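Asker: These protein sequence lines are chains A and B, in that order. 1 is the number of the first residue of the first sequence in the working numbering; add one for each residue after it. 1001 is the number of the first residue of the second sequence in the working numbering; add one for each residue after it.
Accuracy of the hints is not assured; some may be wrong.
Unchecked claim - Chain A side only, calculated, beta carbon under 10 Å to chain B, not exhaustive: (1) Leu20; (2) Leu158; (3) Leu189.
As the list claims (entries may be wrong) - Per label pair, the in silico range of CB-to-CB distance: (4) B:Pro1121 with A:Met118: 31 to 41 Å; (5) A:Leu6 with B:Gly1123: 48 to 58 Å; (6) A:Val365 with B:Leu1052: 23 to 33 Å; (7) A:Met79 with B:Ala1100: 43 to 53 Å; (8) B:Glu1143 with A:Val365: 11 to 21 Å.
Calculated from the structure, these hints are not laboratory results. What you are looking at is a predicted structure, and each value in this text was computed from that prediction instead of being measured. The C-beta atom is built at its ideal place from N, Cα and C for all residues, glycine as well.
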Amino acid sequence: MLTELLIAAIKVIAVLVVVLSLGLVLMWFERKGSALIQDRVGANRAAVTGLGARIGIPNLGFINTALADPIKMFTKEDMVPEGADHFLHTLAPFLSLLPVLITFAVIPFGDTLRAGGMTINLQAADLNVGLLYVLATIGIGVYGTALGGWASNNRWALLGAIRASAQMISYELALGLAVIAVVMTYGTLDLQAIVRGQGGVWFGWLPRWGVMLQPVAFILLMTAGMAESKRVPFDLPESESELVAGYFTEYSGGKHAAFMLTDFVEVILVAALATTLFFGGWQVPYLYRDGFHLPGGAFLALPNAAVAIFGVVAFMIKLVAFCWLQILIRWTLPRFRYDQLMRLGWKGLVPLGLLNVLATAFVVVAFGGPH
Amino acid sequence: MPLWLFGFLAALSIVSALGVILQANPVHSLLALVMTLLAVAVLFIGLGAVTLGFIQAIVYAGAIMILFLFVIWLLNLQAEAGMAGGRLAGKFFGAIAAAALMGELFAILSRAPSGANLEAPAGYGSIHNLAMLLFADYLVAFEVTSFLLLAAVVGSVALARRPAGSAAPPRAAGSR
């Protein structure tokens, strides 16, 4: 009992630490990445006493963004504007960060690990309706943004909040439809089971990843997911050229940092969902429980621990790749107009999602699922 | 579900339900209602109705309450000046309705089977059982309900829609 509790606690803490530190890395990724895309130098100050330069390592500005930025933000003055709802103004950033963070509880980051006579499922919470949990927490996440804007007693913030909530509930629909098609394909809401269903290969070489079966759902999920995370080209809730900073105009210090962190954690969440549902989660091509079965008949036996570690590393690589894809999209596309945003959501993604669900239903009934 | 957890969630839902009616600010009331709905959702999950609990969280706490928030914002509802608002007749009929609901609740509870160790039937609350109920046992009722809801949606869009070619609504005086 005590060991089980201990293992559960370790899993929860590990997931939180990895997600939050990946959020910090993404902050740096975005600074340097945007500089790379726009042909700038980007953040290049705050190296530790110039040590790197002295021994010939180029200064990538990592210390600057990953350490100096958070310290700067948390030591700034935390202001609440006059006439604001003090309680909700303080609550809102955490109300927006918490639901996104707890969503990672059901994301499987590895296969089972056998150690000391115990079988550990590498997933913080083994929930058989995991996808419903994901949709529920995403739905609750709207409140932080909406109330943050409203409680600020500022018209730009309120406009940003209204835009954010309208956008998020519109694109939740497309997100749900994308997820439903995946659920119909694999016949389960359990994320670990969906990842297991993506093991193996077709024709002896093609990994059975979900994106091969549900390419439309993948595009829907990425688009709707980026709209949920309110980033360019969907950043109308905070569009600085129109609304100062939108729903977090009146935030400073740690609370502003919480809103910013939410943005990055949402990016990681979208990447995690895309990886889990469409790119095999922790599945490594040709890697099975007992080792590598390469096409052509070559076989390399591996112990269980090595297979599990390969899985976790594969999941992390895919996760970071999708985070980078989102940063690339963010720094490549211009912002939508609001009517374009609504038209894309309601007249583009939702009918496409419905058609995809219908087509999936026909295929599943006519030919059965992939199993 | 351990008794202390049930007690905590039940107390939380009652306190937040009181918060809905006792607070003057409509946005605070709405937040308290979200809290009530979430506490009830967790109660559902703890009592074995897992799917229903999550659907409650998605549909009620996640979607419908956001629409309520929109209505509050669009109508620009302000905090009530005092708690003595409302007419006497409203209070009278409200009290009668509340008493009727309470009576109904006690009538149902008195008929409920007693005993501490009631067993839930196998598969109770699973998504499979819920789907069998909705799409097999009560298919006609389910489809009729969805058709009625569709008619309501189409009707409200038709009512709200401006005829083609008509000008935008006149702006309110004082606004630009």
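Asker: Would you mind marking each hint as holding or not holding in the structure?
Answerer: Here is how each hint holds up against the structure:
| no. | hint | verdict |
| --- | --- | --- |
| 1 | Leu20 | violated (24 Å) |
| 2 | Leu158 | holds (8 Å) |
| 3 | Leu189 | holds (6 Å) |
| 4 | B:Pro1121 with A:Met118: 31 to 41 Å | holds (32 Å) |
| 5 | A:Leu6 with B:Gly1123: 48 to 58 Å | violated (32 Å) |
| 6 | A:Val365 with B:Leu1052: 23 to 33 Å | holds (26 Å) |
| 7 | A:Met79 with B:Ala1100: 43 to 53 Å | holds (50 Å) |
| 8 | B:Glu1143 with A:Val365: 11 to 21 Å | holds (18 Å) |
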